[in-house]
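A.B. asks: Spelled out from the first residue to the last, the chains are:
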Amino acid sequence: MNKAAKKIGRRHFLKLLAGAYAYATLGSPGLAGAQITRYGKLADTTRCIGCKRCMSACKRWNKLEVERNELVSDRETDLSAQNWVVVNLRADAKNLTQRIYEHWACQHCIEPACAGVCPVKAITKLPMGNVVINEKKCIGCRYCYQACPYKVPRFDFEKRVTRKCHLCYDRIPLLNYMKPACVEACPVEALSFGYKHEMILEAKKRVYKTKNARYILGLKEAGGTDMLTILPTKPEDLGLIVAPKKVVNHNIDKLRVTGAGFMGASALAGFMYTYATLTRGKEKKNRDNSD
Amino acid sequence: MERSPAFYTWVSILVVVIGLALYAILMSLIYSLEVFEFSIHVIWVTMVSNYVFLVVSSTGLCIVTSLGHVFGMQRYELIGRRGVFLAFITIIFGMISIGAHLGHPERAMIFNLLTPNFYSAMWWMGTLYTFYIVFIAIEYWLLARPELIERSDQAQGPLEIIYSHMAFRQLDHSRLGAVLKNHKLLQFVSAAALIAGLSAHNTLGALFGHVEARPLWHGSYYPVYFLLSASFCGYSWLLAVSIATYKIKKENIPEDYQSLIFEMAQVLALLLSIGLLFTAYKMGFGLFTPEKVKPIMLFLKGPFSQAFWLFEIAIGTVLPIPILMWAAKQKNIMGVLIASVMVLVGVYVMRYDFVVAAQVYPVIKNSLPSYLPTFMEVLFIGGVLGALFLTYVLGEKFLPLKEERHH
Ligand code: SF4
Ligand code: SF4
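Here the protein sequences come in this chain order: C and D.
Quick note: the first sequence uses the working numbering, first residue 10, plus one each step.
Quick note: the second sequence uses the working numbering, first residue 40, plus one each step.
For the record, the hints were derived by calculation from the structure and aren't laboratory data.
Treat the hints with caution; some may be incorrect.
Claimed, not checked - When the alpha-carbon atoms are kept at most 27 Å apart in a straight line, the in silico DSS-like pairs for lysine-lysine are as follows:
id: 1; chain 1: C; residue 1: K291; chain 2: D; residue 2: K370
id: 2; chain 1: C; residue 1: K160; chain 2: D; residue 2: K333
id: 3; chain 1: D; residue 1: K331; chain 2: C; residue 2: K103
id: 4; chain 1: C; residue 1: K160; chain 2: D; residue 2: K321
id: 5; chain 1: D; residue 1: K331; chain 2: C; residue 2: K255
id: 6; chain 1: D; residue 1: K331; chain 2: C; residue 2: K229
id: 7; chain 1: C; residue 1: K291; chain 2: D; residue 2: K368
id: 8; chain 1: C; residue 1: K263; chain 2: D; residue 2: K331
id: 9; chain 1: C; residue 1: K160; chain 2: C; residue 2: K130
id: 10; chain 1: C; residue 1: K263; chain 2: D; residue 2: K321
id: 11; chain 1: D; residue 1: K321; chain 2: C; residue 2: K254
id: 12; chain 1: C; residue 1: K254; chain 2: D; residue 2: K370
id: 13; chain 1: D; residue 1: K333; chain 2: C; residue 2: K255
id: 14; chain 1: C; residue 1: K255; chain 2: D; residue 2: K368
id: 15; chain 1: C; residue 1: K160; chain 2: D; residue 2: K340
id: 16; chain 1: D; residue 1: K331; chain 2: C; residue 2: K254
id: 17; chain 1: D; residue 1: K333; chain 2: C; residue 2: K103
id: 18; chain 1: D; residue 1: K333; chain 2: C; residue 2: K263
id: 19; chain 1: C; residue 1: K243; chain 2: D; residue 2: K333
id: 20; chain 1: C; residue 1: K160; chain 2: C; residue 2: K263
id: 21; chain 1: C; residue 1: K291; chain 2: D; residue 2: K223
id: 22; chain 1: C; residue 1: K229; chain 2: C; residue 2: K218
id: 23; chain 1: D; residue 1: K331; chain 2: C; residue 2: K243
id: 24; chain 1: C; residue 1: K291; chain 2: D; residue 2: K331
id: 25; chain 1: D; residue 1: K333; chain 2: C; residue 2: K229
id: 26; chain 1: C; residue 1: K160; chain 2: D; residue 2: K331
id: 27; chain 1: D; residue 1: K286; chain 2: D; residue 2: K370
To be verified - Non-contacting residues of chain C with respect to chain D, defined by C-beta distances greater than 12 Å in every case (computed):
id: 28; residue: N143
id: 29; residue: R169
id: 30; residue: R223
id: 31; residue: G248
The structure presented is a predicted model; accordingly, all values stated were derived computationally and were not measured.
Even glycine gets a Cβ: it sits at the ideal position worked out from N, Cα and C.
The following block holds chain D by itself, in its conformation from the complex (with noise of 0.2 Å):
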């Protein structure tokens, strides 16, 4: 499709939402932040599920990709660069978006730095997350280097210079430049992106586990199912955009990728099942906690009832596993794409529920408090995701992001 009219429309569409994003952004600093989440009860809307969203899918592909650079299972290398790809691109994509919500970014950089607080698991997700985001960013170079430098011998003109200088062909023949070809660096600097990414991913699960003030999130339950949640955020990314990148470019997939993405759909159906059990705990356990047992209840039978079933169990979770246990065994790839983009879907919804929902109790007032998120949240929201998928797109266009091979 590359070239096609329908890339550029699909390419237009895209800027015109990032646009409208910009555009939601400049009010907010022309007005004031009310634009995006209004409430002063339910504070921690869609700005913050969207970057809790986007960094555990970050985290996911993360671990998704170590099973070949740390853990050496060789067939998950050819997944290697659109993973680690992609988990660049969400981590920063989240960044933006917790950027926007945030009151002064700027200051957060500056006192980060200056006066930490190591009792708060903000401060330590936020300073682990940039080592995160150094490491995935050195990893992926480091796997697109080679490529790079073979199309920099094919290319000619301005694009050779390009292409020389993404790779730093001036190392080429330094000491240093022989280090970039050892695969054990690789495999060192995938294995620091791991456990800088799971640790980091830790804290932000405790960040909220923290919050004794908030029933639902507190205690040790969510640190321990966010990373869960993460490996099958992070297999159903890969599998949803692989497979979508092939059936729109119309290229036939390689047969180990096939095998390959098979097993990963049985891997993912595996863990989606692990997912129902500790749902069904949570939920259960929460009936028999005093004070957990009303925000449980905004999910059974509550406001957040039709997410909660239709979404989170039904879409995200039960759906999914014989639809690609099914598709497994019958070698069929659309399932497999349809399946994992509706746990997308449905993890999605159950992000924006696990922050909203929370925030019910303790009610302040006597009648508890409810959110829908604004126009303008939409707009930004919208735009972060579609910016997301325009850098997939010109990733896919003009870096390399295809499977890589050993010969």
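Excised from the complex, chain C in its bound form (with noise of 0.2 Å):
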């Protein structure tokens, strides 16, 4: 009894150890790819039957509008501001014949430059994954959707804001972790959501075992995003935009530009000083002249 008792209490010891250290982390963006308290999602295109089931649930749960015969199976359809994920049919441009449904949305970046740019910090990377746009703070620049690798933050005309996918925050902490309302819809679990570490275990072992599966998208685009994507074959193949494979709008480049600027900016007021003592002399042969 005594003895339970002592493991039940080691065991809470290590909870609150491990606690700590998943705090220590979170406070540190550093270290955020190392989380283990982090979600990913999971899309694989070998799986996906193209029901754009995915995309009405998730207006359903946003409560986006629906256009006319959008959610129509093969009716190519493009992000907006009341599309958040969309599923479209791509073929291979190697081998016409083979042809997959993608499904597209944010794909939260783990350094998101959407979030790095925007002046007023409406956009977070939260510390289970999404990155979220807080639309009662937006002033509407757009400058995250010139930023991101993917052109996925669309400008809503109407709310005068800029809006995406957020990946369900506001589910996933509710009721016993409700899954994103997308992966809860997929009737051929395309879709998983899961923590990050077990997501890529799990794209990495069908990539091994399915004879389709051969590209994971999102382990190093963009500096690795919490999105991942099981393709067939290359993105560009499919006519997806690439992103670099590597962190988008580093701060590092971005002060590398800024110090040029400011390196010009030195240098002309180095030019402007030069022409004003070199055209000193003049200046006084006039002002003799009209005395």
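The two chains are supplied separately, each in an independent frame; assemble them into the complex guided by the hints.
C.D. replies: Structure, rendered in structure tokens:
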């Protein structure tokens, strides 16, 4: 009895320790990639049947408008302020018989470029992984759209703010950890949601086991994203936007660009000074003449 | 032309244009912002390019006038008041233009203060330009104050009261009043305005330069080039506006002013040729950078080639250089006027291209996105520019803008 109690006590202690560790890592964005409490979404294009149920589930949960015929299978849809996820038919440019349905949404980058450029910090990367726009704070400048490597945040002309998928941040912590609406709606388990490290393992397993699955989008793209997509071939062959395999808009790069500008400004001031000194003689002559 | 029918016709045309712009803003408030920039793929368009044009001009004007007030070149003080006043109104109308572009300009002011993002060039730009506006306004006031005092001495009745309030004559006998008369204060404020202006301008270039996802903008080229183009914009504005003002008023340009104009024309020609080198570098270098090739080709051969070759290169840079050189040699004022207006037109088109063309890549769908401004957009831009000119005309009539002279 005593022993069991002790055991529990130790377990409790370990839990606390883990909690403290998680707390410490959450605080430091540099270690964000290493968190074990982060979630990820996995989309498997080799399983998707293009039923677009994820789209309609997203619209229902987030109260977005539905356009006529939009949810018909095979109709090309684009991300917009009312379409936070889209499903489109894509063909492999190198093998036209290879066709897949691609489930596309915000990739929830680990170091999001969109959040880095937002002037008023309206975009946050939550510790659980979601990149969320605070629509009450957004000033509608659309800089995030320009900076996003995938061109995800779309401007809502009526609400005058930018909107995008938030990975159902308002569902995850609720009711026994509900999954995002799209994941819950998928009838063929093409979408899964869980701890990020588990999702990575699962994706690798499927690529290893399934004949068609060859590429995992999101492991390296944009410095790694919390949404992973299993593709039958490289993203460029499918006509997707190719993001660089590094953090986009890194702060060091920003510093470099700004620094160059300041050097230019100093040079300009130098030229102005030189111009003033070189022509000082002329000034004197003019003044003497007018005196 | 004051009080002549032509003057009133011009003012009423400008007022109508401004009224149409107000109508466009009203529509955007009643319906949706879609009446302006409707595309969700090319989302920064006319308002942004107009903003960039105006604020770049403002910085340029500040640079040119600082030659006189900060660097002590007395001949440049001749254009001081007009230049600083123009710098002030161009930045104000630039801000109005970007205000209509933003979804929620009111929030911008609040959250810029409450939750600043120091990693965002846009935050820096907004903040630094606010400082710049304050400094440039004070600078103009300091420049205008002596003449305002003079005018209040000469005027009678309500005009006297208005002028003496504008000059804060209450301060005359206080210690602050003495400080205000000190030339050092003006130099200090002008230096502050120049530093704020250059920094703000630099962050404007960086705002574009930071965006790695837009290959055309990305890199340290634009922050540097913007400074150069600001300088030649500033020169062209001053030349065009001051010559036009004298011509329209049918007044003779004073001797020293004329020689300054021809000197400025030569400097402008020099700056334009440096600008040409920069453009050649951008195009040449871009062709050897894989991710920049496609956007660069849009200019060289693609849909933007006309705007690029005809406006940016021919009208905006190459043709004005010989015209300016010739005019400076022949002492031909009209030549300078024409060349500087050409530069301004070229720069305006260049800004539009620079903003729009960059947003073509990366392509989201299969076809290239393209953009033509909506009718409402055109009305709005016309209104902003009209209001700018009207403000200048009114300023010219009621405020001291003429050259200052040290006696
Ligand atoms: S995909 Fe774009 S919108 Fe989504 S987190 Fe990354 S940068 Fe932001
Ligand atoms: S549009 Fe909104 S969310 Fe995007 S950068 Fe601007 S303020 Fe931030």
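A.B. asks: Would you mind marking each hint as holding or not holding in the structure?
C.D. replies: The hints, checked one at a time:
1. C:K291 <-> D:K370: Distance of about 18 Å is within 27 Å: holds.
2. C:K160 <-> D:K333: Holds, at about 18 Å.
3. D:K331 <-> C:K103: 25 Å, holds
4. C:K160 <-> D:K321: 25 Å, holds
5. D:K331 <-> C:K255: 18 Å, holds
6. D:K331 <-> C:K229: This hinted pair holds, its Cα atoms lying about 22 Å apart.
7. C:K291 <-> D:K368: Holds, at about 17 Å.
8. C:K263 <-> D:K331: Status holds; Cα separation ~18 Å.
9. C:K160 <-> C:K130: 18 Å, holds
10. C:K263 <-> D:K321: 20 Å, holds
11. D:K321 <-> C:K254: Cα-Cα ~25 Å, so holds.
12. C:K254 <-> D:K370: It is violated: about 59 Å lies between the C-alpha atoms, which goes past 27 Å.
13. D:K333 <-> C:K255: Between D:K333 and C:K255 the Cα gap is close to 22 Å, so the pair holds against 27 Å.
14. C:K255 <-> D:K368: Violated - the C-alpha atoms of D:K368 and C:K255 are around 55 Å apart, more than 27 Å.
15. C:K160 <-> D:K340: 26 Å, holds
16. D:K331 <-> C:K254: 17 Å, holds
17. D:K333 <-> C:K103: 22 Å, holds
18. D:K333 <-> C:K263: 23 Å, holds
19. C:K243 <-> D:K333: Holds, at about 21 Å.
20. C:K160 <-> C:K263: 19 Å, holds
21. C:K291 <-> D:K223: Given pair C:K291, D:K223 holds - Cα atoms ~23 Å apart, limit 27 Å.
22. C:K229 <-> C:K218: 21 Å, holds
23. D:K331 <-> C:K243: Holds - the C-alpha atoms of C:K243 and D:K331 are around 22 Å apart, at most 27 Å.
24. C:K291 <-> D:K331: With Cα atoms ~46 Å apart, C:K291 and D:K331 exceed 27 Å; violated.
25. D:K333 <-> C:K229: 25 Å, holds
26. C:K160 <-> D:K331: This hinted pair holds, its Cα atoms lying about 18 Å apart.
27. D:K286 <-> D:K370: 15 Å, holds
28. N143: 10 Å, violated
29. R169: 3 Å, violated
30. R223: 23 Å, holds
31. G248: About 7 Å separates C:G248 from the closest Cβ of chain D, which leaves it inside 12 Å; violated.
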